[in-house]
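Take the given structure of chain X and dock chain R to it, following the hints.
Residue numbers (the numbering used here), protein chains in the order written: chain X, 1 to 278; chain R, 1 to 467.
Heads up, some of the hints might be wrong.
Claimed, not checked - Label pairs and their computed distance ranges (CB to CB):
#: 1; chain 1: X; residue 1: VAL127; chain 2: R; residue 2: VAL51; range: 34 to 40 Å
#: 2; chain 1: R; residue 1: HIS209; chain 2: X; residue 2: VAL127; range: 37 to 43 Å
#: 3; chain 1: R; residue 1: ASP319; chain 2: X; residue 2: VAL127; range: 32 to 38 Å
#: 4; chain 1: R; residue 1: PRO340; chain 2: X; residue 2: PRO117; range: 35 to 41 Å
#: 5; chain 1: R; residue 1: ASN336; chain 2: X; residue 2: SER124; range: 33 to 39 Å
#: 6; chain 1: R; residue 1: ASP319; chain 2: X; residue 2: LEU61; range: 38 to 44 Å
#: 7; chain 1: X; residue 1: PHE41; chain 2: R; residue 2: PRO381; range: 51 to 57 Å
What the hints contain is simulated information worked out from the structure, not anything from laboratory work.
From the three backbone atoms N, C-alpha and C, an ideal C-beta is built for every residue, glycine too.
The residues making up each chain are set out below.
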Amino acid sequence: MNSANLLSIITFVYGLAAFLYVGAWVFKRPLAGRLGTWTAFIGAAGNTAGIMMRWVESYRLGIGHAPLSNLYESLVFYSWAIVVIYLIIERKYENRIIGAFTMPLAFLAMAYASLSPNINDQISPLVPALKSNWLIAHVITCFIGYAAFAVAFGTSLLYLFRRKNTNGTLNPLNHLTDSKALDELTHQMVMFGFLFLSIGIVTGAVWANSAWGRYWGWDPKETWSLITWFIYATLLHARMMRGWHGRRIAFLSIIGFMAVIFTYFGVNLLPGLHSYGS
Amino acid sequence: MTYLKKLQRYFASVKLAVTVLLLLAATSIIGTLIPQNESPAAYLREYGEFVYRMFSLFDLFDMYHSWWFTFLLVILTINVVVCSLNRLPATWKISFPKIRPFNVSRFRDLSQKEEFTANGSPETLKKAYRRVISRGFRYSRLEDTDKGFCIFAENWRWSRLGVHIVHLSVILFLLGGLMGSIFGFDGSVTIAEGESAKSIKLTNTGKPHGLDFEIRCDDFNVSFYDSGAPREYRSSLTILEKGSEVLKKDIIVNAPLSYKGIRIYQSSYGRIQPKELTVSLTSGKTGKTYKKVVLIGQGFELPEGRGKFLFKGVKRSYDFRGRNLGETFWGLLTPNDGNPIDVMLPLRFPKFDRMRKGDLTISVVHYAPRYFTGLLVKKDPGVGVIYAGCVVMIMGLCIVFLLSHQRVCIEVVRSGNTSRVMVAGTADKNRIGMQKKLRRISRNLASIETHDTVGGPRAQNTRVVYE
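Bound conformation, chain X alone:
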């Protein structure tokens, strides 16, 4: 069993967890929700093991490096970050409905990584530009940021789709009945994501300066990460200064996440220095 095989299996574990969470929300079945949590935990443990295994495997091949250097490895880490952040939120807020909207994202990322023929899961040695400690700092912080934005996307969707029971009683899965609390959670996830995205952009700039001699070159990846940053900065200003809340914040958060997706995947379709991500 090598890391790639394990991670392929984890894809299906995440898929099962997503299925259970969605079922729990749609059919109002708390048991499915609890099973979903357990499945997600097993998936996260396996995901962690897969990443560690891959790290060790690279050393065995004599080209040891942290598993964060190409599209496959970044997708695997991204799924891990989404699930970990989600499970922490689930624990803190005792709410499983958010899982119906976030676990599918982790599943999709993992599925794309493991099952797409376009993605190479071979462990390759680092080309000169990637040989830097900044690689680890930059990739980790950026993807934790992206993961927080993914969870915020999930809570925003949930906010827009939330249902009240027909007879006004509490949905048993929904301790977070207070829409205000859900809105506040979206805001908190955006703040967390914004902090890490900022650190990610900063570490990227410092690294670019040491590798290419310029901290900012307006290449598509850099520019789109800045666009994402501007959108979330707008959200934060609108909320903190103009008191925007609820639907408006949910929409901005969704638009922001669209920018995150384009920054991550879309830019690989444009020419530039950063397209080694594919």
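Just chain R now, with coordinates in the frame of chain X:
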């Protein structure tokens, strides 16, 4: 309102900030869809004459340095500066007041508060309550009232300045960028092994730019992984001032050389004609094999008096009877009596020369590849300011997101043998977190047993009052 005041209010407004941020975001997209800084010919091919003219008019081919994009950045800077000048003085006064103002009645009016009845008179509760509160807050003070006492406490008052710290970092970024583009330069140079350069070619204008020192490339080395992917590019450089060596350093990608504020980066490389090679000559008659180290372009005597040989160069490919034999050395053999003949020596086929049936069979055994190194040579005095901005921004964001100015008031009022306790508080951010903290404090205080009751009942009636 005077015109100036109106202008000031506009430039300090959040509305302007949001507008400019969104405009910057939207227009930045254009530069990622239209490739920047390509040749005019490439653009003409891609877009045709009319569209090319339109795009050129708005400087869309170098839009991030265009007048209108720069204008947006300038507006943003003015916005941030005016906003800070407007709001900072007030925030500063609030953050560092001479006396911290606390008004009990304001706390009483709050909707978020906890109330309960504690056993014992206020005097018995004072010490214990003081201890609990001072554990949760960095500043606290106790004031006696005629019916009991009040404890005021707060945390992170100065965190209100966090926003201004973040804004300061934005100003630092814009300042650093400006310094770099005005006082810096960005160029490149290629240097062959063994040679040196005193001037570079500027990237944006293509014009030469002289340096006040010399860069010499002593050696260049490229290594590959088994897969063929590059492993390392390494240049051994020497800096010379007025002919004497002042600095020697090996550079690789991610580890540039720094000298007098100028940084030299490993960027690319290329192959050039090798100079020196080892040639093996086997005599048909005697069977002896001779090895010689020779230079290209320099003729040498063949052993056993067989004449002269001159290596002319090396070709990338050589077509022989329909087959490409690959890298091939090419030389001129001049026998003692007779005309010079061309000799081809493909590297991959050392026995090739046997076909010539000459007195000596020649083959190239080894040659040291020669390279030129491609260097980026840059000066950017703004980098320090940018890095300072990075640190300041991260610190500022941490303050804004993680700290909030929390204030609490515990009012204890005598009520017969017991005391009515009110726990109220506010925070400028994260109200929900503050609510939780108040509940926790209330529970802690309520669970304190007083000296009046020995092993007696705990406080009753913890009543929660909120919105």
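Structure-based check of all given hints:
For VAL127 of chain X paired with VAL51 of chain R, a C-beta distance near 37 Å keeps the hint of 34 to 40 Å intact. Checking the proposed 37 to 43 Å range against HIS209 of chain R and VAL127 of chain X shows it is violated: the Cβ atoms sit about 30 Å from each other. Between ASP319 of chain R and VAL127 of chain X the CB atoms are about 34 Å apart, so this pair conforms to the stated range of 32 to 38 Å. Distance hint check for PRO340 of chain R and PRO117 of chain X: the Cβ-Cβ separation is about 58 Å, which falls outside the suggested range of 35 to 41 Å.
A hinted range of 33 to 39 Å for the beta carbons of ASN336 of chain R and SER124 of chain X is inconsistent with their spacing of about 57 Å. The hint said 38 to 44 Å for the Cβ distance between ASP319 of chain R and LEU61 of chain X, and at roughly 40 Å that hint holds. Between PHE41 of chain X and PRO381 of chain R the Cβ separation comes to about 52 Å, which falls inside the hinted range of 51 to 57 Å.
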